[in-house]
Structures are given as C-alpha cells and as structure tokens.
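Colleague: Chain by chain, the residues run as shown.
2 protein chains.
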Amino acid sequence: MKKVGIREVAQEAEVSTATVSRVLNNRGYISQETRNKVQSAMSKLEYYPNDLARALYKKRTYTVGLIFPSNVHPFQAELIQDIEYLLSQQGYKVLLCNSLNNPQKEIAYLTMLRKNQVDGIIVGTHNKHIGDYNGSNLPIVAIDRDLGKNTTTVACDNYAGGELAVQLLINRGCKQILDIRGDSSIKLPANDRTVAYQNLMKKYGLKTYILEVPFVLPAEEKKALIETYLHDNPEIDGIFAGDDLLASIAIFYLEAHHKKVPTDVKVIGFDGAKQTLLYNPRLTTIRQPIDQIAETATTKLINKINGKKEKDQLKLPVSLVLGHTV
Amino acid sequence: MKKVGIREVAQEAEVSTATVSRVLNNRGYISQETRNKVQSAMSKLEYYPNDLARALYKKRTYTVGLIFPSNVHPFQAELIQDIEYLLSQQGYKVLLCNSLNNPQKEIAYLTMLRKNQVDGIIVGTHNKHIGDYNGSNLPIVAIDRDLGKNTTTVACDNYAGGELAVQLLINRGCKQILDIRGDSSIKLPANDRTVAYQNLMKKYGLKTYILEVPFVLPAEEKKALIETYLHDNPEIDGIFAGDDLLASIAIFYLEAHHKKVPTDVKVIGFDGAKQTLLYNPRLTTIRQPIDQIAETATTKLINKINGKKEKDQLKLPVSLVLGHTV
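Those sequence lines, one after another, are chains A and B. Numbering-wise, the first sequence is residues 1 to 326 according to full-length UniProt numbering. Numbering-wise, the second sequence is residues 1 to 326 according to full-length UniProt numbering.
Since the hints were made in silico from the structure, they are not lab data. Warning: the hint list may mix true and false statements.
Since the list gives no way to pick one copy over another, a pair counts as held whenever it fits inside one copy or between any two copies.
[Unchecked claim] Computed cross-link-like contacts, DMTMM-like style, restricted to lysine to aspartate or glutamate with a CA-CA straight-line distance of at most 20 angstroms:
hint, residue 1, residue 2
1, LYS105, ASP82
2, LYS260, GLU227
3, LYS115, ASP51
4, LYS105, GLU12
5, LYS59, ASP157
6, LYS223, ASP237
7, LYS207, GLU310
8, LYS115, GLU46
9, LYS259, ASP232
10, LYS115, GLU212
11, LYS207, ASP192
12, LYS58, GLU8
13, LYS315, ASP146
Generate coordinates for the entire structure from the input sequences, incorporating the hints supplied.
Modeller: Here is the structure:
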C-alpha cells in the first residue's frame with residue numbers, strides 16, 4: 001500500500017510542499033483559504049504527519065514496552081489496562097509483550113523493544129535467570145519483581161497482606177492452615193506473604209502446611225497439584241491461596257468433594273481484580289491496590305525517562321474484601 | 001538518557017563507523033577479530049540497531065494497532081493475547097489501544113496509529129457512529145463488528161450459536177426463555193443470535209422475553225438491569241445470556257434469591273474464554289473459537305498488508321461447553 005506524503009498533499013492542494021510544511025508546523029503566515037485547501041487535501045488523501053520521523057529525530061519515541069506473562073490473568077490484565085490508560089493520558093503508546101512464561105520469548109521482546117527505541121519498559125514477569133535487565137541503561141520499572149540495582153520495584157505490602165489473611169483464618173477458628181505459595185526459588189516480593197504466615201503459625205503454635213505452585217505452570221498442572229495436596233491432607237480447614245485462581249480451584253475441588261466452604265474449610269485468595277469479583281462475588285480475598293500500583297509504576301517510569309533517579313522499593317497498602325468463603 | 005549510536009560503537013571498538021556498518025549489515029570482508037571487537041563493543045554499550053530508522057526507510061513498520069474496548073474482558077483478553085502471539089511469530093509488534101468504550105478515545109487512537117505508520121489495524125470495539133474506519137486506505141480487519149466496505153469482518157457463527165443455546169434450553173423443558181442481548185441499534189454480527197432465538201420461539205409457539213444490555217455499560221449498570229428484569233419477571237425459567245459475565249450475574253442473583261440453577265432456572269452463557277471456565281467450571285456456555293478467530297483475523301490482516309484483496313465476512317463454528325447450569 002502506498003503511503004501518502006506531503007508531496008502528494010501539496011499536489012492535491014495546488015500549493016508548494018513548503019506551504020504544507022508551514023501549515024503542519026503552524027509556522028509563518030498562511031491565509032485561511034490556503035490553510036483550508038491544505039487541510040482538506042490532507043483529509044481527502046488521509047495524510048497523517050509521520051510521528052516516526054519525529055521520534056527518530058528527537059530520539060524520543062513516547063513508546064513504552066510492557067512485558068507481562070499474560071494479558072489474560074485478571075490481576076495483570078487490570079494492571080495492563082490501567083497502565084495503558086495512564087500512559088495514553090501522558091501521550092505515550094504501549095507495545096504489548098506477553099512473555100507467556102517463556103524466557104526465550106521474554107529476551108526476544110527485550111531486544112525488540114530496544115531496537116525500536118522505546119523510552120522505557122514496565123516488566124512483571126516471573127521467569128528465572130533473565131539477567132538482561134541488569135545494569136541496563138534503559139529506564140525500567142518492575143512490578144512484583146526484584147530485578148536488582150537500577151530497577152524500581154513496585155509491589156503491594158505483601159507481608160501485611162499475608163498477615164491480614166492468615167490472622168482472619170485464625171480468628172475464624174482454623175487450626176490446619178495451608179499456604180499455597182509461588183516458586184520459593186525466585187526472589188519475589190510476594191515471598192513476604194509466606195514469612196507472615198510462618199510468623200503467625202509460630203506465634204499461635206500451629207503446624208505449617210506449605211504447597212508451592214509456581215506461577216508459570218499451566219492451569220491444569222496447578223489444579224492437579226492443589227487437588228492432590230487437598231486429597232492427601234484432608235485435615236486442612238483453612239487455605240490462604242497465592243491468587244484468586246488458586247483459591248477458586250481449591251473451592252471448586254472442595255465443593256465437588258462434599259466439603260462446604262466456609263463451614264468445613266475457609267478459603268481466602270489474593271489480588272481481588274475487579275473482573276474476578278464480578279464473576280465470583282462470593283470470594284473473600286486480599287485486594288491489591290491495582291490502580292495505585294499502575295499509577296506509581298507509570299509515574300516512576302516517566303520520572304526515570306525524564307532523567308530523575310528512582311531506586312525505591314515501593315510497597316502499597318492492601319485491603320480485605322470480605323466475601324462468603326471465610 | 002543518551003542513546004548509543006554506531007559512532008560510539010566505532011569509538012569503543014576502535015574501528016571506523018563504516019566497519020561497524022559492514023558488521024551490522026553483514027556486507028564486505030571483515031576479519032573475525034574485528035567482528036568480535038565490534039560485537040563486544042555493541043554489547044558493552046548496549047547498542048541495538050535502530051529498527052525505527054529501518055521502518056521509516058522501508059515504509060513498513062511491522063506494527064499493528066489493536067483497538068479493543070478492554071484487555072480485561074475475558075473474551076477480548078484471550079483474543080488479544082492470541083493475536084499478539086500470532087503477530088509476534090510473524091515479526092509484528094502490537095500497539096495496545098483500550099478504547100474503554102469511549103468514542104473520543106477510539107478516534108484519538110485511530111489518528112495516533114496512523115501517525116505512527118502502523119501497517120494495519122485489528123478492531124473489536126462496539127461504539128456507534130465512528131465513521132473514521134470507512135473508506136480508509138489502511139488495511140483493517142474487524143472482529144465481531146461490521147465496519148462496512150473494504151473491511152474484513154471475522155466473527156463466530158452467531159446464528160448457529162443462538163440456535164444451539166436456545167434449542168438446549170427448550171430440550172431441557174424451559175418455557176419462559178429470556179434472551180439477554182446487546183444494543184439492537186448497533187449493526188453487529190451478534191444480532192444474529194437474537195434472530196435465531198426469535199425463530200425458535202416462533203417455531204415452538206413460545207412467548208419472547210428480550211432484555212437489551214448494551215455492551216458498553218459499566219458492570220454495575222448491567223447488574224441492575226438484569227436484577228430488575230428478573231425481579232419483575234419471576235416466571236423466567238431459562239436464560240440465554242449475551243456473554244458469560246451476564247450469565248454469571250444472573251446466576252448469582254437467582255441463587256441469592258433462593259432459586260436453584262439449574263433446577264428452577266437454566267442459564268447458558270456465550271464466549272467460553274479459558275479464563276472464565278477456569279474460575280467458573282460450572283458454567284454451561286457457547287464457546288467461540290477464539291483461537292480460530294485470532295488466527296483468521298491475523299492471516300487476513302497480513303494478507304491485506306501484503307496487498308491481497310480480502311473482503312469476506314467470515315463466520316467460524318461455535319461449540320457447546322456443557323457445564324452444570326442447564
């Protein structure tokens with residue numbers, strides 16, 4: 001398809017390319033009649049000023065790469081949508097990169113984003129052994145992930161979230177509480193939830209039950225791990241799940257096996273994305289402040305793009321959504 | 001932040017810029033030693049060849065704009081993820097544009113995408129009165145939306161989906177069947193579902209009950225419309241919902257008001273996104289072939305970008321997911 005340039009616009013409007021350029025840049029004297037002729041030629045030919053050329057010239061693309069595992073997972077979906085909205089309000093575009101938990105794909109995206117001169121990256125993946133973010137001179141903000149020096153990490157207050165959830169289960173009488181957590185070999189802010197769980201179990205003299213369900217596993221494997229664990233440990237009467245999907249899997253399994261939630265087993269999730277609660281208004285969960293996480297990550301990234309130093313680890317407050325599963 | 005160019009690479013490697021250029025383009029004779037020096041300088045300085053300059057020169061950006069209402073809605077989320085995956089496999093990048101059902105935002109995105117010289121657009125919004133797609137010389141594929149001439153529309157076989165759902169409700173004994181549909185004033189392929197519903201009601205001599213719930217409404221308003229309707233029409237014993245969210249809202253309302261699903265009222269949804277079924281494995285629904293829709297839309301768009309004519313209206317086959325709500 002042939003793209004239209006200012007030459008074609010000038011021809012159509014029967015003026016010089018210099019005149020078209022003056023109209024575009026609003027520079028010099030142009031009569032209203034000429035301006036109208038040029039503008040109607042532009043709309044007739046569907047000419048749009050080339051922002052790519054401008055980006056190349058200014059060495060600023062107003063483009064941000066988002067590398068997340070998946071825009072389908074409700075927490076990430078809402079985060080991506082909020083970030084995209086906030087960036088669009090600031091004149092930035094978003095290149096969407098779903099790593100699908102594939103480290104090769106993640107590295108390829110990182111290279112692609114650099115070749116396309118993005119101004120910065122927001123990353124929220126959970127893959128191990130990706131050193132490519134380290135020491136980068138590109139502004140990067142990580143969400144729920146510790147990427148080492150030079151990278152700002154934004155997360156919720158995971159310790160407080162763990163404490164809130166587990167204390168609620170204890171208050172409601174649970175004695176055998178299972179903590180379903182992510183892969184403990186990855187350094188993630190969410191690991192603090194399990195620290196809170198362990199501290200509370202110790203404080204109340206309760207036995208710990210911990211099941212690791214790596215975030216990167218396919219849903220079917222997560223389901224199998226949880227079902228096997230609950231089958232083998234029928235004494236479990238409380239569950240603190242790593243996210244609302246894991247909580248939903250547990251609830252569905254329990255109810256299919258004639259255990260009532262919350263009468264027999266109490267279950268609390270994590271994340272509290274709007275979409276999840278729309279479909280599952282019963283669920284009790286710890287709500288991450290997704291809007292604040294998005295806003296903080298966006299602001300910090302734009303600050304870094306503008307040359308400000310941002311090295312903080314930011315922890316944002318969680319809250320309890322009291323449904324009917326605890 | 002200063003971006004590194006081939007001049008800096010040449011300086012670091014102690015060679016000329018022409019040599020760096022020859023290494024980059026794999027042209028002319030270069031000793032292995034020089035090649036190594038240049039490559040280690042590139043990786044030390046984090047230099048990445050500028051794909052923006054190449055795009056500008058070749059008048060081909062390998063960028064596609066996706067304009068959808070929201071990357072959070074499970075059907076659209078899965079579609080966006082599948083499309084992004086398929087495009088990335090073909091070397092295309094994706095600019096994500098969530099219109100959030102705001103026509104001004106949609107028009108602004110369309111202008112932004114054109115200024116950024118995207119090669120094509122895939123659009124799946126439901127706003128009325130957006131004429132800006134008409135007669136465009138830019139390759140465009142619409143999903144579930146009729147954008148008029150020059151635009152390829154990809155959708156599921158909505159008539160067959162409606163027939164499958166309503167016939168199932170009739171077979172299971174429903175007599176007062178409610179069709180919850182979208183805004184009838186927008187020309188959408190999904191309108192065929194209601195045509196199928198009406199034809200079957202006529203065939204079996206049953207009264208029609210139709211509730212319009214525009215897709216663009218906030219979830220709370222959708223909820224209020226459905227709850228009021230069910231409250232005012234307690235005889236309803238079967239519901240064919242426009243999507244799985246509307247089905248979930250109805251089920252939750254019915255159960256909170258002491259009607260059993262499926263004993264008292266049978267409910268069937270539409271879409272069947274993987275994420276929805278993970279969280280709601282009980283739900284009976286009509287599954288759209290999201291993977292096929294994504295693949296068809298992507299293929300047709302790339303064909304159009306490559307200058308092939310594509311004017312078809314494509315209808316892809318649906319299937320029944322038999323859960324426990326019918």
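Colleague: A separate judgement is required for each hint: does it hold in the structure or not?
Modeller: Results of checking the hints against the structure:
1. In this assembly of identical chains, the alpha carbons of LYS105 and ASP82 lie at most 20 angstroms apart only when taken from different copies (14 angstroms versus 24 angstroms within one copy).
2. In this assembly of identical chains, the alpha carbons of LYS260 and GLU227 lie at most 20 angstroms apart only when taken from the same copy (16 angstroms versus 27 angstroms across copies).
3. With identical chains, the CA atoms of LYS115 and ASP51 are at most 20 angstroms apart both within one copy (17 angstroms) and between copies (5 angstroms).
4. Taking the shortest Cα distances, LYS105 and GLU12 never come within 20 angstroms of each other, neither inside one copy (46 angstroms) nor across copies (30 angstroms).
5. Taking identical chains as interchangeable, the C-alpha atoms of LYS59 and ASP157 are never at most 20 angstroms apart, the minima being 37 angstroms within one chain and 47 angstroms between chains.
6. For the identical chains of this complex, LYS223 and ASP237 are intra-copy neighbours only, at 18 angstroms inside a copy versus 33 angstroms across copies, given an alpha-carbon limit of 20 angstroms.
7. Taking the shortest alpha-carbon separations for LYS207 and GLU310, neither the intra-copy value of 41 angstroms nor the inter-copy value of 64 angstroms comes in at or below 20 angstroms.
8. Taking identical chains as interchangeable, the C-alpha atoms of LYS115 and GLU46 lie at most 20 angstroms apart only when they sit on different chains, with a minimum of 10 angstroms there against 29 angstroms within one chain.
9. Proximity of LYS259 to ASP232 under the C-alpha cut-off of 20 angstroms is restricted to the intra-copy arrangement: shortest distance 14 angstroms within a copy versus 35 angstroms between copies.
10. In the homo-oligomer, the alpha carbons of LYS115 and GLU212 never lie at most 20 angstroms apart, since the shortest distance is 37 angstroms inside one protomer and 48 angstroms across protomers.
11. For the identical chains of this complex, LYS207 and ASP192 are intra-copy neighbours only, at 18 angstroms inside a copy versus 58 angstroms across copies, given an alpha-carbon limit of 20 angstroms.
12. Taking the shortest alpha-carbon separations for LYS58 and GLU8, only the inter-copy value of 18 angstroms comes in at or below 20 angstroms, while the best intra-copy value is 25 angstroms.
13. Taking the closest pair of Cα atoms, LYS315 and ASP146 come within 20 angstroms of each other only inside a single copy of the chain (12 angstroms); across copies the shortest separation is 46 angstroms, beyond that limit.
Checked against the numbered hints above, the structure breaks hints 4, 5, 7, 10 and satisfies the rest.
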